[in-house]
Amino acid sequence: GGPVATQDGAKSFVKQLCRNKKFAKATHNTWAVILPDGTPVEIHVRDEDLATAFVAGAVLASDGMPRRSVVTVRLRTEGDSQQSSLAIAAGPFRLGPFVPGELRLQFSIQDHNPLSIDPLTLTAGATHDLGTLRAVAAR
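Numbering follows the working numbering, with no gaps: position 115 of the sequence shown is 1468.
Honestly, the hints are just simulated from the structure, not real lab data.
Be a bit skeptical, because a hint or two may be false.
Claimed, not checked - Computed beta-carbon distance windows for the label pairs:
hint	residue 1	residue 2	range
1	N1466	L1370	30 to 40 Å
2	P1472	V1423	34 to 44 Å
3	D1464	G1362	11 to 21 Å
4	T1383	D1416	49 to 59 Å
5	E1395	D1464	49 to 59 Å
6	P1467	S1365	26 to 36 Å
7	R1447	T1392	37 to 47 Å
8	R1492	R1447	24 to 34 Å
C-beta: ideal position from N, C-alpha, C; glycine also.
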(Lines of atoms letter the chains of each structure in order from A and count residues from 1; the text may use other names and numbers.)
(Lines give C-alpha, C1' and ligand atoms only; values in the text may rest on other atoms or scores of the structure.)
Protein backbone atom coordinates (compact mmCIF):
# COMPACT_ATOMS: atom_id res chain seq x y z
CA GLY A 1 0.00 0.00 0.00
CA GLY A 2 0.85 3.65 0.06
CA PRO A 3 -0.58 7.10 0.72
CA VAL A 4 -3.06 8.69 -1.71
CA ALA A 5 -5.09 11.87 -1.25
CA THR A 6 -7.42 11.98 -4.28
CA GLN A 7 -9.46 9.63 -6.45
CA ASP A 8 -7.15 10.27 -9.44
CA GLY A 9 -4.12 9.64 -7.21
CA ALA A 10 -5.65 6.34 -6.05
CA LYS A 11 -6.32 5.22 -9.64
CA SER A 12 -2.76 6.05 -10.68
CA PHE A 13 -1.32 4.30 -7.61
CA VAL A 14 -3.32 1.10 -8.21
CA LYS A 15 -2.39 1.07 -11.91
CA GLN A 16 1.32 1.25 -10.99
CA LEU A 17 0.84 -1.34 -8.25
CA CYS A 18 -0.64 -3.81 -10.75
CA ARG A 19 2.52 -3.55 -12.86
CA ASN A 20 4.49 -5.05 -9.97
CA LYS A 21 4.94 -8.83 -10.39
CA LYS A 22 3.85 -9.37 -6.78
CA PHE A 23 0.44 -7.80 -7.45
CA ALA A 24 0.09 -8.69 -11.15
CA LYS A 25 -1.24 -12.13 -10.31
CA ALA A 26 -4.03 -10.81 -8.11
CA THR A 27 -7.21 -12.86 -8.43
CA HIS A 28 -9.36 -9.73 -8.53
CA ASN A 29 -9.33 -6.50 -10.51
CA THR A 30 -11.26 -4.32 -8.08
CA TRP A 31 -9.49 -2.34 -5.37
CA ALA A 32 -10.83 0.02 -2.72
CA VAL A 33 -9.46 2.93 -0.73
CA ILE A 34 -10.80 5.35 1.84
CA LEU A 35 -9.47 8.84 1.18
CA PRO A 36 -8.28 11.09 4.05
CA ASP A 37 -11.63 12.92 4.02
CA GLY A 38 -13.47 9.59 4.56
CA THR A 39 -14.67 9.19 0.96
CA PRO A 40 -14.67 5.52 -0.14
CA VAL A 41 -13.39 4.91 -3.68
CA GLU A 42 -13.68 1.68 -5.68
CA ILE A 43 -11.20 1.19 -8.51
CA HIS A 44 -11.63 -1.38 -11.27
CA VAL A 45 -8.41 -2.20 -13.14
CA ARG A 46 -8.81 -3.09 -16.82
CA ASP A 47 -7.27 -6.38 -17.98
CA GLU A 48 -5.01 -4.46 -20.38
CA ASP A 49 -3.46 -2.65 -17.38
CA LEU A 50 -2.45 -5.89 -15.63
CA ALA A 51 0.98 -7.48 -16.12
CA THR A 52 -0.13 -10.71 -17.81
CA ALA A 53 1.99 -10.89 -20.99
CA PHE A 54 5.17 -12.97 -21.41
CA VAL A 55 8.00 -13.40 -23.94
CA ALA A 56 9.67 -16.78 -24.48
CA GLY A 57 12.46 -18.15 -26.66
CA ALA A 58 16.09 -19.23 -26.64
CA VAL A 59 19.33 -17.41 -27.46
CA LEU A 60 22.23 -19.23 -29.11
CA ALA A 61 25.76 -18.02 -29.77
CA SER A 62 27.17 -18.07 -33.31
CA ASP A 63 28.48 -21.62 -32.72
CA GLY A 64 24.91 -22.81 -32.05
CA MET A 65 25.49 -23.33 -28.35
CA PRO A 66 23.28 -21.74 -25.69
CA ARG A 67 25.04 -18.96 -23.78
CA ARG A 68 24.22 -16.86 -20.79
CA SER A 69 23.10 -13.42 -21.95
CA VAL A 70 21.93 -10.07 -20.66
CA VAL A 71 18.64 -8.73 -21.97
CA THR A 72 17.64 -5.08 -21.87
CA VAL A 73 13.89 -4.63 -21.81
CA ARG A 74 12.13 -1.40 -22.84
CA LEU A 75 8.36 -1.35 -22.33
CA ARG A 76 6.07 1.46 -23.48
CA THR A 77 2.39 1.61 -22.52
CA GLU A 78 0.06 4.59 -22.93
CA GLY A 79 2.93 7.10 -22.87
CA ASP A 80 4.61 5.42 -19.87
CA SER A 81 8.08 4.00 -20.47
CA GLN A 82 10.15 1.56 -18.38
CA GLN A 83 13.60 0.05 -18.93
CA SER A 84 15.43 -2.71 -17.10
CA SER A 85 18.26 -5.17 -17.69
CA LEU A 86 18.56 -8.70 -16.41
CA ALA A 87 20.78 -11.73 -16.89
CA ILE A 88 19.20 -14.87 -18.30
CA ALA A 89 20.61 -18.36 -18.08
CA ALA A 90 21.79 -20.25 -21.14
CA GLY A 91 19.04 -21.99 -23.06
CA PRO A 92 15.30 -21.36 -23.14
CA PHE A 93 13.88 -18.33 -21.33
CA ARG A 94 10.52 -16.93 -20.31
CA LEU A 95 10.40 -13.24 -19.39
CA GLY A 96 7.53 -11.45 -17.68
CA PRO A 97 4.96 -10.80 -16.66
CA PHE A 98 4.72 -7.53 -18.58
CA VAL A 99 1.90 -5.05 -18.95
CA PRO A 100 0.55 -5.33 -22.50
CA GLY A 101 2.08 -2.76 -24.83
CA GLU A 102 5.07 -2.19 -27.09
CA LEU A 103 8.18 -4.07 -25.99
CA ARG A 104 11.73 -3.77 -27.30
CA LEU A 105 14.42 -6.28 -26.35
CA GLN A 106 18.18 -6.31 -26.83
CA PHE A 107 20.17 -9.45 -26.04
CA SER A 108 23.91 -9.17 -25.34
CA ILE A 109 26.28 -12.14 -25.40
CA GLN A 110 29.99 -11.73 -24.77
CA ASP A 111 32.01 -11.45 -28.02
CA HIS A 112 28.82 -11.14 -30.13
CA ASN A 113 26.95 -8.27 -31.76
CA PRO A 114 23.84 -7.18 -29.84
CA LEU A 115 20.66 -8.88 -30.98
CA SER A 116 17.74 -6.42 -31.09
CA ILE A 117 14.06 -7.28 -31.28
CA ASP A 118 11.94 -4.20 -32.08
CA PRO A 119 9.10 -3.78 -31.43
CA LEU A 120 6.82 -6.52 -30.15
CA THR A 121 3.21 -5.77 -29.36
CA LEU A 122 2.26 -7.76 -26.27
CA THR A 123 -1.36 -8.63 -25.53
CA ALA A 124 -2.97 -9.47 -22.20
CA GLY A 125 -2.71 -13.11 -21.15
CA ALA A 126 -0.50 -14.15 -24.09
CA THR A 127 3.05 -15.46 -24.44
CA HIS A 128 4.93 -14.13 -27.48
CA ASP A 129 7.32 -16.89 -28.60
CA LEU A 130 10.45 -15.54 -30.30
CA GLY A 131 11.64 -19.03 -31.19
CA THR A 132 15.40 -19.61 -31.34
CA LEU A 133 17.53 -16.50 -31.81
CA ARG A 134 21.12 -16.86 -33.06
CA ALA A 135 23.66 -14.13 -32.34
CA VAL A 136 26.40 -13.10 -34.77
CA ALA A 137 30.02 -13.14 -33.58
CA ALA A 138 31.61 -9.70 -33.27
CA ARG A 139 34.56 -8.99 -35.55
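Hint-by-hint comparison with the structure:
Our hint of 30 to 40 Å for N1466 and L1370 holds, since their Cβ atoms are close to 38 Å apart. In this structure, P1472 and V1423 break the distance hint of 34 to 44 Å, their C-beta atoms being roughly 19 Å apart. The hint said 11 to 21 Å for the Cβ distance between D1464 and G1362, and at roughly 49 Å that hint is violated. Between T1383 and D1416 the beta carbons are some 52 Å apart, a value that agrees with the proposed interval 49 to 59 Å.
Take E1395 and D1464: their Cβ atoms lie about 54 Å apart, and the range 49 to 59 Å holds. In this structure, P1467 and S1365 meet the distance hint of 26 to 36 Å, their C-beta atoms being roughly 34 Å apart. For the pair R1447 and T1392, the supplied restraint of 37 to 47 Å holds, since their beta-carbon distance comes to about 42 Å. About 32 Å separates the C-beta atoms of R1492 and R1447, a value consistent with the hinted range of 24 to 34 Å.
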